[in-house]
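My request is simple: use the sequences and hints to build the entire structure.
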Amino acid sequence: GDSVTQMEGPVTLSEEAFLTINCTYTATGYPSLFWYVQYPGEGLQLLLKATKADDKGSNKGFEATYRKETTSFHLEKGSVQVSDSAVYFCALYTGANSKLTFGKGITLSVRP
Amino acid sequence: DAMVIQNPRYQVTQFGKPVTLSCSQTLNHNVMYWYQQKSSQAPKLLFHYYDKDFNNEADTPDNFQSRRPNTSFCFLDIRSPGLGDAAMYLCATSRLEGQGRNEQFFGPGTRLTVL
Numbered sequence: 110g111d112s113v114t115q116m117e118g119p120v121t122l123s124e125e126a127f128l129t130i131n132c133t134y135t136a137t138g139y140p141s142l143f144w145y146v147q148y149p150g151e152g153l154q155l156l157l158k159a160t161k162a163d164d165k166g167s168n169k170g171f172e173a174t175y176r177k178e179t180t181s182f183h184l185e186k187g188s189v190q191v192s193d194s195a196v197y198f199c200a201l202y203t204g205a206n207s208k209l210t211f212g213k214g215i216t217l218s219v220r221p
Numbered sequence: 145d146a147m148v149i150q151n152p153r154y155q156v157t158q159f160g161k162p163v164t165l166s167c168s169q170t171l172n173h174n175v176m177y178w179y180q181q182k183s184s185q186a187p188k189l190l191f192h193y194y195d196k197d198f199n200n201e202a203d204t205p206d207n208f209q210s211r212r213p214n215t216s217f218c219f220l221d222i223r224s225p226g227l228g229d230a231a232m233y234l235c236a237t238s239r240l241e242g243q244g245r246n247e248q249f250f251g252p253g254t255r256l257t258v259l
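Note that the protein sequences, when read in sequence, are chains Y and Z.
Using this note's numbering, the first residue of the first sequence is number 110, and each one after it goes up by one.
Using this note's numbering, the first residue of the second sequence is number 145, and each one after it goes up by one.
Hints are computed from structural coordinates only; laboratory data are not their basis.
Backbone N, C-alpha and C define an ideal beta-carbon position, used for all residues, glycine too.
Wrong hints could be hidden among the right ones.
What the hints assert, rightly or not - Here are some, though not all, of the chain Z residues that point toward chain Y, as calculated from beta-carbon distances under 10 Å: (1) 184; (2) 186; (3) 194; (4) 195; (5) 205; (6) 252; (7) 259.
Stated by the list, open to error - Sample of chain Z residues lacking proximity to chain Y, with all beta carbon distances greater than 12 Å (derived): (8) 160; (9) 161; (10) 166; (11) 188; (12) 192; (13) 213; (14) 230.
This is the structure in structure tokens:
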């Protein structure tokens with residue numbers, strides 16, 4: 110079945126540090142890939158997406174590239190801010206079962 | 145702004161006392177989802193509606209029911225809440241056709257406490 114694997118957390122960084130959060134997936138067919146962010150006490154917000162191989166999703170300084178050869182969708186940001194502190198979920202959608210498959214999520218804490 | 149609204153944001157109920165959570169959307173999406181999210185875990189899909197077509201996940205307990213009286217509203221009914229049902233409940237919507245299809249838009253969630 111479909112699955113998403115995220116690197117283990119939590120991650121703590123200083124402000125302006127470089128961020129990479131790894132995500133790999135297993136899926137039948139050609140999934141769409143997503144990164145969602147969840148701030149404390151809130152619902153999930155779509156951060157970025159990519160729908161086909163080599164697509165790059167970007168938003169708010171975050172980027173992720175759909176790599177079919179490595180089945181990966183790693184999230185990066187060049188300079189994190191305290192306001193980026195949140196939980197980040199990688200997810201995929203194949204349409205075979207009409208639902209998102211989430212990774213376990215990773216908590217990012219950014220220190221001033 | 146078009147959005148997904150959940151009420152209430154915080155709900156306290158007693159063990160075994162039925163509770164209903166509500167979700168409304170102004171996006172006119174044909175699919176609505178209910179998720180349960182426990183602390184430090186990913187959201188777990190309970191069920192979803194495609195228009196009025198109800199789709200239950202195989203491992204969703206019978207204690208959880210849902211109603212969708214029209215396109216805009218969807219309700220989650222917990223018939224006899226147990227302590228293990230304390231969680232954040234998230235509603236989401238999506239559409240199956242057109243640009244942006246399959247993106248899910250989430251509401252802010254309802255935090256359920258069971259005493």
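These are the hints, each one checked on the structure:
no., hint, result
1, 184, "8 Å, holds"
2, 186, "4 Å, holds"
3, 194, "7 Å, holds"
4, 195, "12 Å, violated"
5, 205, "18 Å, violated"
6, 252, "5 Å, holds"
7, 259, "20 Å, violated"
8, 160, "27 Å, holds"
9, 161, "24 Å, holds"
10, 166, "14 Å, holds"
11, 188, "9 Å, violated"
12, 192, "7 Å, violated"
13, 213, "21 Å, holds"
14, 230, "15 Å, holds"
Of the hints listed earlier, those the structure fails to meet are numbers 4, 5, 7, 11, 12, in rising order.
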